[in-house]
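Generate the whole structure from the sequences, applying the supplied hints.
This is what each chain is made of:
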Amino acid sequence: MLALDLFNSWIFVLLLMVGFYAVIARDNLVKKLMGLSIFQSAVFLLFITMGTVTGGTAPIVLGDDWGAVFSNPLPQVLILTAIVVGISTLALGLAIVVRIKESYGRISDIDAPERDRRL
Amino acid sequence: MNLEPHLPALQVVVPLLTAPLVVLLRDARLAWWAALAASAMNFAVAVAITGQVLDGAVVRYDMGGWAAPLGIELRVDALSTILLLVVSGASTLALLGGRASLLEQVGEARQPLFMAAWLLALAGLVGILVSGDAFNIFVFMEISSLATYILVAGGPDRRALPATFKYLVAGTVGATFYLIGVGMVFMMTGTLNIADMELRLATVGDTNIVYVAAGFITIGLALKAAIFPLHAWMPNAYTWAPHVVTAFIAACATKVALYVLLRMDFFVFQKNLVDHELQFAFVLMPLAAMGILFGSIAAVFEPNLKRILAFSSLAQIGYILLGASLVTVAGFNASVLHLFNHALAKGALFLAVVCLGLRYRHLDLADLQGAGRHMPWTLTAFALAGLSLIGVPGTAGFVSKWALIIAALERGALGVALVVLIVVSSLLAVVYVARIVERLWFGEPPGENPAVSEAPWPTLAVTWLAVGANFWFGLNASLPGELAQRAGEAFLRHLP
Amino acid sequence: MTSLLTVFLLVLALITALGVVRARNLFAAVMLMGIFSLLMAAVFLLLDAPDVALTEAAVGAGISTVLLLSAMALTAEEELAGGIHPTPALAVVLVTAAVIFYGMFEKPLVGDPEAPVNTHLAPQFFELTREQMEIPNVVTAVLASFRGYDTLGEVIVVLTAAIGVLFLIGPDAPQGSRAPSGGNLAGGGLKHHQPLRIVGKIAIPFILLFAFYVQYHGEYSPGGGFQAGALLAAGIILFGLLEGREAAAAVIPTRVLKAMAAGGALVFGGVGVVTLLMGGQFLEYRVLLDHPVSAQQLGIVVIEVGVGVTVSGVLLLIYHAFAARGRG
Amino acid sequence: MLTGAVVAIAVTMLLALVRALLGPSVYDRVLAVNMFGTKTVLLLAIVAFVAGRDDYLDLALAYALINFIGVLAVLEFFHQRKFGHVPQVANGSDLQPPENEATPSEREP
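Protein chains in written order, with my numbering: chain H, 1 to 119; chain X, 1001 to 1496; chain W, 2001 to 2328; chain C, 3001 to 3109.
You may find that some hints are simply not true.
To be verified - Covered by chain W, according to a simulated footprint, are these stretches of chain C (three or more residues, beta-carbon under 8 Å):
id	region
1	3003-3014
2	3019-3030
3	3036-3042
4	3059-3073
Stated by the list, open to error - Short derived list, chain W residues pointing at chain H, Cβ under 8 Å:
id	residue
5	MET2040
6	PHE2044
7	ASP2051
8	ILE2063
9	VAL2093
10	VAL2117
11	VAL2142
12	ASP2150
13	VAL2157
14	GLY2164
15	ALA2259
16	GLY2263
Since the hints were made in silico from the structure, they are not lab data.
Small disclaimer: the values here were computed from a predicted structure and weren't measured.
The beta-carbon is built from N, C-alpha and C at its ideal position, and this holds for glycine as well.
What follows is the structure in structure tokens.
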């Protein structure tokens, strides 16, 4: 399991980098939101990974066998909540992007010099 | 039945559950009344909790009847109380005085949704303050953030939209950083309860990952608290939000993030991480100093009234952080006091801006020239609140700045340098406040003189109430002083 | 084999994520995001988290694809040339990564049953669930009872998103002057494609039935209110895609959706208020009935219904808001 | 036997992913996603079998349904592009037609 352990951590960090890079480097707003999703997914992976137990199974008891080895349910609960938070942020962000498109006519480069000082 | 033991839960639940009801309303006036009622009740609960805390109790509550750390614990101490008063008070005052302005800027049809978002922002902020669970804080942070994005996006200018988007990205990245940090601590301790974390970190505190976790938590929250240089989202968000919203969030949103930062850094990590002070001495203190200078200087050169105040907030956040980063009880006290007093001053100033916004469409100083002749009451209120911002003796702003100077002087040569910094930036504050007041009182009105009259009395009355609070707490600082002192005592117990 | 498979899927996920960032065509990026979600969901399942996997699939591959496409229909499909600032971004990202690597090598090994995460609270959750709730899905027990307050917060977050979307692009929101006309998703529907329509319509009842199963079986198998709500919404959205948004709006009018979104949260909060009135703490289900085990189960079932109702209402409201935008 | 099946599915997933990454046309990507979804469902079924957990099959079912909806959403998206108006090019540049890529309407039989 050693290899798997390090591997998950590697992927966590790499995904984090990829998502974070998209958030910072891309001007396109939809792309930024996608980057944000990837960024958050990386964190989900971190949490889920830490709760697994070797030889264990999902924390849903089968056939009243409470003595089996189970993975930790708590990180899973946290991530369920975090996923929901993520989709909520995405929906709100997309709504803002739609409004920006409608009033600026573009969804990139919104920091360009403003021509509407006296709008 | 006796509600007293349930106060911490009620603090959050009342606005949290009023919000869905408000969504269903169709009438703008009714929505406003409902929001005002919930907010006022929230303030009343905060006052009642303050009473309990002043009696010497740390108010605890086990959600769902599951004892911590198994369940989620609510925990209210002096530090949370002082901010509970600020948040619920600011919300109530802003709502009370802001009805006319909100109708004008947001429109009537969307009022119920807007009021629901307001209540959710309030619920989220108080939810963070009463929570004793690191993950629960994340959840309520997201509630308050999402709701605040909605409030900011309600601004009538189209520039509110990109400002909100930036705020959303910065806020989400900040919250995710915080979550990474909490995840790492959770990995090492197996708990999410803040008090339990501190205990269990004792055995693993000296591992790299805990240092990394502390770093992530600090950076994430610094982003949300708009600490220099992570403040890029803040000036635009404050400027283009509806005026009433600015009055509310400028007094609360960043301070609550700062509160979480203090809570985590001092009440979880300080005891367990060797040399944790270095993070303050070498990172946060220089940043605070730079933020103070940068914010003050930027405020001096800004043409737009709201942006001036936004940059001044950046400087004030610097003061709060500066006090805390001394890592002494006196510094912590000063920091907590300034959290309270700056909210008073900024709240009053932005309420005066609400008054101006009701009569002027653009808030560049050039547009507002000569406003004082038409709106003398508003301008007088603004000038008096400005005195508190500067820190003139007799105002609330003076009390905390003085405390900060005393705390800094405990630190010898470094302290003297910091005092010089504080004095310089206070002088800069004199410059930008005086510049506003001068242009607004004595400037020639631009172009043809529109028939401008004094702001309507409800808004004006609330503004004066806030200004009065600045002087009340300037002359009689016993309540915030007492709470800050208790917070300092708690802080002392968490030093290594 | 599972660990090898996990490694393989994670590599694919990483490649996909890189593809998302690289793609100039936003549509391609959305497709890749869908794949990415499926991969992450599969990984979560392999890591023994079926509840999370179900949610990730329903949300990531289903709902967020629909959302991204609807937003794209209203905005633009291609990314501008330029508009990338690689150097400073790379610097920030690399520093962040370096910091994490610095910490990562000391953490307890994954899968270690003796790691603090797995020894501190987890055994108590199992024990108490067995004693006081008697439901086999411990994830549901923790979600709904031990950390029910978090879940209430989660429901409120979803509701907040709906409020925001309605506020920003709902019927009362300002109409943009440069709104593209007719470029939105699911206006007319795929009415003229008979095979799709027939197959799709056959699927709908099964999706709804499955959603109810996921809702009511949440204590026994992966699932629960959130996943059920997402599936239910997906079923109705499917109907909207086939028959047009107006037809979907006729099935459940927006007014009702709003009531669902708010009502579910109120049901959840109401349970808390009732427990308070019955002398317990907020959300302390065990005071609801004389028999504490049944009381816990009752509380869990009721709040899960609240979650499901809110989530389905919210997701449909958001779908309608995006789909109706630009149609005038 | 099972290992063979898993390897076969993994290879197919890889191939589908390559198609989704390279395109070039929209339909390649849509099909790739659909195929990828199908393979995931199969993979889950095998995992359920190996882990001895029947309840995982619920998930496979959910994935299949979700995948179907996702593909329909994509189709509807292009349906709108074809029959609805393509959004005007505002401020010049957001909507440059892709150069190396046939627009869907051109490929429509």
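Hints versus structure:
Proximity of the region 3003-3014 of chain C to chain W, defined as three or more residues with a beta carbon under 8 Å from a beta carbon of that chain, is established by the 5 residues found. For the region 3019-3030 of chain C, the stated coverage by chain W is satisfied: 6 residues place a CB nearer than 8 Å to a CB of that chain, which reaches the threshold of 3. With a threshold of 8 Å between beta carbons, the proposed coverage of the region 3036-3042 of chain C by chain W holds, since 3 of its residues qualify and at least three are required. Proximity of the region 3059-3073 of chain C to chain W, defined as three or more residues with a beta carbon under 8 Å from a beta carbon of that chain, is established by the 12 residues found.
This hint holds: W:MET2040 has a C-beta 5 Å from the nearest C-beta of chain H, less than the 8 Å allowed. Against a cut-off of 8 Å between C-beta atoms, the interface hint on W:PHE2044 holds, since the closest Cβ of chain H lies about 6 Å away. Here the hint on W:ASP2051 is kept, as its CB sits about 6 Å from the closest CB of chain H, short of 8 Å. Interface hint status for W:ILE2063: upheld, as the beta-carbon distance to the closest one in chain H is roughly 6 Å, under 8 Å.
Taking 8 Å as the C-beta cut-off, the interface hint given for W:VAL2093 holds, the closest approach to chain H being about 5 Å. Of the supplied interface hints, the one on W:VAL2117 holds, with its beta-carbon coming within about 5 Å of a beta-carbon of chain H, less than 8 Å. Here the hint on W:VAL2142 is kept, as its CB sits about 5 Å from the closest CB of chain H, short of 8 Å. Hint on W:ASP2150 holds. Least Cβ distance to chain H is approximately 6 Å, under the 8 Å limit.
Because the closest C-beta pair between W:VAL2157 and chain H is about 5 Å apart, less than 8 Å, the hint holds. Evaluation of the W:GLY2164 hint against chain H yields a held restraint, the C-beta minimum of about 4 Å falling below 8 Å. Among the interface hints, the one on W:ALA2259 is violated; its C-beta lies about 20 Å from the nearest C-beta in chain H, farther than the 8 Å criterion. Interface restraint check: W:GLY2263 against chain H, minimum CB-CB distance 18 Å, threshold 8 Å, status violated.
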